[in-house]
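Novice: Be aware that the sequence shown starts at 59, since it is given in the working numbering, and climbs by one per residue.
Just so you know, the hints here were simulated from the structure itself, not pulled from any lab data.
Please note that the accuracy of each hint is not assured.
Claimed, not checked - Straight-line Cα separation of at most 20 Å, EDC-like style, residue types lysine to aspartate or glutamate; simulated pairs: (1) LYS282 <-> ASP142; (2) LYS282 <-> ASP245; (3) LYS282 <-> ASP147; (4) LYS220 <-> ASP259; (5) LYS220 <-> ASP258.
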Amino acid sequence: MIEPTPTDAGAGDGAPASSDADSPGGRSSVEPAAAQRLVATFIHADDPAVGAVVDQLSAEDDQRVATLMDVVLSDPDRLQALHDSGLMDGLPNVALDQIARMTTDALGTSLASVTLVGQDRQFLAGCNVPETGFPRSRPLTLSFSKFVVASGRTLIVHDATKHRLFAQHPAVQGGVVVAFVGVPLIDSQGHTIGTLSTWDDHPRHWTTGQIQILTDLAQVAATKVFR
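The task is simple: from the sequences and hints, build the whole structure.
Specialist: Next comes the structure, spelled out in structure tokens:
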């Protein structure tokens, strides 16, 4: 199942996480589904009122958001769904590689991947470039797809260098990712295990048509991921 309606990195509703997100022991007491909705509030914060709150986040608040993301990423049911896909074995998938190539051909982008997000690493089960020139397993510190998985919503970033949450991301600072779109891959039980995403090293204005194409291709990818 794919999130049917893509949302700009900036569109969202709801309220920011409260102190109830953390238990006395430092572990979140929030259920994964609730944590996912709270994360979406911060990541998709285009509403001026919400954006003003995000701009004023303290280091402690940032840690709460990170804690909420960890609740989603470490959810045992989500990780079991990821394991059940059989795609985290470190081997590229020919069909998913082809979908990634179709994505870059259709959107005119440099890179695309079907990315599976684990608890501390991500694996590019499909990519449009050979593994020899582009490592497929990498830590989540370099991941953009983790934000898609943690929020359960399509993430659209036109220029990450100007985005309040992503400007300091290592991939942005390194000039690897500037424009990014990722569509969540969600199983029939509602578990988000990865993305179909594409990105460039320069700003892009993603059109509604391009987002629809990516969403349609993500539907195809889902048939290969969830068997």
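Novice: Honestly, which of those hints from before does the structure not fit?
Specialist: Of the numbered hints given earlier, the structure breaks none, since each of them holds.
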